[in-house]
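Top to bottom, those sequences are chains B and P.
FYI, the numbering for the first sequence is 4 to 118, going by our numbering.
FYI, the numbering for the second sequence is 93 to 209, going by our numbering.
Hints may contain errors.
Calculated cross-link-like contacts (lysine-lysine; reagent style BS3-like; alpha-carbon spacing at most 30 Å) [as the list claims (entries may be wrong)]:
hint	chain 1	residue 1	chain 2	residue 2
1	P	K119	B	K29
2	B	K59	P	K154
3	B	K72	P	K119
4	B	K29	B	K59
5	P	K119	B	K59
Read the hints as simulated data drawn from the structure, not as lab findings.
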Amino acid sequence: SQQGEEDPQALSIQEGENATMNCSYKTSINNLQWYRQNSGRGLVHLILIRSNEREKHSGRLRVTLDTSKKSSSLLITASRAADTASYFCATDAWEVTGGGNKLTFGTGTQLKVEL
Amino acid sequence: NAGVMQNPRHLVRRRGQEARLRCSPMKGHSHVYWYRQLPEEGLKFMVYLQKENIIDESGMPKERFSAEFPKEGPSILRIQQVVRGDSAAYFCASSPPSPYRGTGELFFGEGSRLTVL
């Protein structure tokens, strides 16, 4: 089953507006990551936030993490048409299985930024 | 620095044939992950390998699927006797050993898109 669930499933905004995507997960985590995927392409890492961090910034991206609510949000400020893509959260569960961890991805938010 | 290389990018197979997907991780990366993505869906974990070892194959179907990451050469995901339900995009990702607890950033290839006729 999916560890992460993004909300909303789809988001359409105008260029210049802010876009907020949310992610909820189920188990305790080591870290939470956000990735972007353009149509037909591989995923690209955006940002990683550790379980002991509450907020992180990278350029126009702002990520928050609330471990008590098991949720995270990704904010893209001053969006551009080039930000049109699918965005996924991925969690690294606390339990170590067989000596290594893996990332479990959510279902994604499809963001469309219109001119 | 070349990224994660996957080939073939597109593969068409008839039901019952075998599909072999290859993944060369980034230089210096010893961890390889395979994921499957169906249209309009997220990525489903399949298997996590280190050189010559399968660390976690909890996402691999019990039959027809196998993966390896030999000492020399690329990682291979092999699907025997393919069925239409195997049609999907298969993504490989690699990472270096993480100095922290947990999994660090994954670097993804562009994927191999398998179509089963």
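Mind listing which of the numbered hints don't hold for this structure, in increasing order? Violated: hints 1, 2, 3.
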